[in-house]
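Trainee: All chains, full assembly: derive it from the sequences and hints.
Going line by line, the protein sequences match chains H and X. Per the working numbering, the very first residue in the first sequence carries number 1; after that it's consecutive. Per the working numbering, the very first residue in the second sequence carries number 487; after that it's consecutive.
Since the hints were derived computationally from the structure, they do not count as laboratory data. From a predicted model like this one, the values you see are computed outputs, not experimental measurements. Each hint should be verified, as a subset may be incorrect.
Below 25 angstroms or equal to it, Euclidean Cα-Cα: the simulated PhoX-like pairs (lysine-lysine) are [what the hints assert, rightly or not]:
1. Lys192(H) - Lys46(H)
2. Lys46(H) - Lys697(X)
3. Lys311(H) - Lys510(X)
4. Lys510(X) - Lys192(H)
5. Lys192(H) - Lys34(H)
6. Lys383(H) - Lys319(H)
7. Lys205(H) - Lys697(X)
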Amino acid sequence: MNHAASERVCLDPRFASPFPQAALPMLRNPQLRKNVGHAIDVIQAKRGKLVAEKTDWQELRSAASAIRTHALENLGAYLEQFEARCTAAGGHVHWAADAAEARQIILDLLHQENATEVIKIKTMTSAEIQLNPFLQAAGVSVFETDLAEIILQLGEGEPSHIVVPALHINRSQVREIFARTMGLKDLSDDPKELTNAARTYLRQKFLTVPTAISGANFLIAETGTVAVVESEGNGRMCLTLPRTMISLVGIEKVLPRFQDLEIMLQLLARSATGERMNPYTSLWSGVTPGDGPQKFHVVLLDNGRSSILAKAKERQTLKCIRCAACMNICPVYRQTGGHAYGSVYPGPIGAILTPQLMQMKHAQSLPYASSLCGACYEVCPVKINIPEVLLELRSQVVNQERRQAGRFFDLMYLGLRIANLIFATAWGFHAAQRMGRIGLRFFTRKDGWIHALPSLGAKWTQTRDLRGLPKQTFHQWWATRAKGGK
Amino acid sequence: MKQPVTARQLTLDRIRAATPSAAKDASQLAEAYAALPRAYIRRGALSAQARIELMIQRLREYDAEVVECAPAELANTITTQLATSGRHLFVAPPGTPNEWLVTSAWKITGLEWTIDHGLAIDEHEIEKAEGVVTAATCGIADSGTIVLHHSAIEGRRVLTLLPDYYLCILRASQVVETLPEYFSRCQQPPVLATYISGPSATADIEMTRIKGVHGPRILVVIVVRDEVENIN
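Mentor: Structure below.
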């Protein structure tokens, strides 16, 4: 792996570069774009086939959307119900208002267990609160067990997708990472051999490390059940072999009843990996004597979610079941990959979730990382209207900029204010059109396109061409037509 | 642990303030839930025969090996499968019927069984086993899913996870066509459940599907044709 490239990747929204800057190294990396494009093509083809065979797909989406909306509307009641049932079944429920509290709760639980090592099932929520570096700094060795997460952990890389986090890395790069870190010089780049290397590497960890951390796909309020959906079996290993299990879960993940899974499970695997059902789904309620961990903790994480809940248009962001269908179909994600988003949540859902989790104080460039084509809304299994939320967040960003003290020194701001005055009258607008046609003539090439503009105009022509202005406006053409012109 | 208590109150207060339209009490909540749309397909349309065929087809698409047999042939079928598996050390859950526990019957010698009585054996002993034989709760034909609720005849969760070879015995009468039909069959939600749709797999390296990462790499399903026999 190219270390210079991986060092530049920052997924902490507080410190990451704005999207247009962060995207540049990705756009200039043909290998990365090829890896991302290939992975997405494969998932998309599989998803398309399996969604098409489902004659009730739209009805499933409507039902899922309604259930998620209902669960969020009554989140307080359902969380309390989950807490009561999970506790009655022998689990312990903890609440964390923010990332720092969640990290501390988990570390305290690990200290109670005298744990120096912990095995983990892939959880984006733990990446959101930057749990691994915190635990490592506190002296706890963390072992990721999902194949993609192992590749990233051993290769010191960052996730670029929420379902297939290492999709930007190809087989020869994986071979290089495994050969170097596992000391396997003769390893080939055959995915089967690489997968076997990971199996061997982890087997002893599964059998000996007594403490595990997971996320969750769903919480069931009715029964206090936690659901984890996976493919490899590393999840089942972590859920059954250790003595202590800690599940870190966002408060929005609750579903009212067990039966609701009949909708969610039909949508999730098809949307996420293009399978009719993921290979393994595990459900458990609290602690079962003689089967699996005998100590079970759930850490319910707010970390900005309740403030998203309070806003009418934005609330739907929390319906997300993390299937990644939106990033797989997104024309922007396809070109940039996930790292450009400067967050563990990339793609369209990341573009609306990240700035909101950051209370609109960081990641303000993300609502603009979209062409507003609407494909994400169309594929979303829970019908999140992502373009609607993107527009809402853009207006908030603009309002923030409007209030900034330095705005009168900003050329863009001044230009738009002046344009506002000119365009307010028909006379001004027509005059501006005439001036523009004369002015832009110097920049228009013979092919009728403008390839480069100076000053502020360069912001547009940096990445795209602009069609030259036509000789006539529609108004002028209409007027000549009325007088018998052609 | 005073901090989590205050965090709980803080979070719940924020949620309550954010959701003024929440149901006022449990009955209002139940009413709102009951009114949610459920227009998706909740019953299959296939005949019993077609349903079983679909289940078998899906399992085979997952690279599982599927064998069908009549109820009377089950013990023999198990024997044949284990004999041809090339493995000798097997585990089984405590509720396994005696006739399934083939030892030196037929031409086989050297088949060894460990019955998982839970307390007596630990994970390392299960890890040593080369194969496991269990029953199941349900089969879902549409997705080729095997459902385990981990009763005494299905075993605790680790049992069907560590051995590399898993022989699952599924009765045709346990097979439903769609996922919602399984949920409507559940009188009580299970305390533990595992849904298995094909052997453990990954596509994390270039989306190339690799069978068998951590769970059993070989899945064999015996479909016992009890239902079809009754219908005919």
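Trainee: Against the earlier hints, flag every one the structure doesn't satisfy and list their numbers going up.
Mentor: 4
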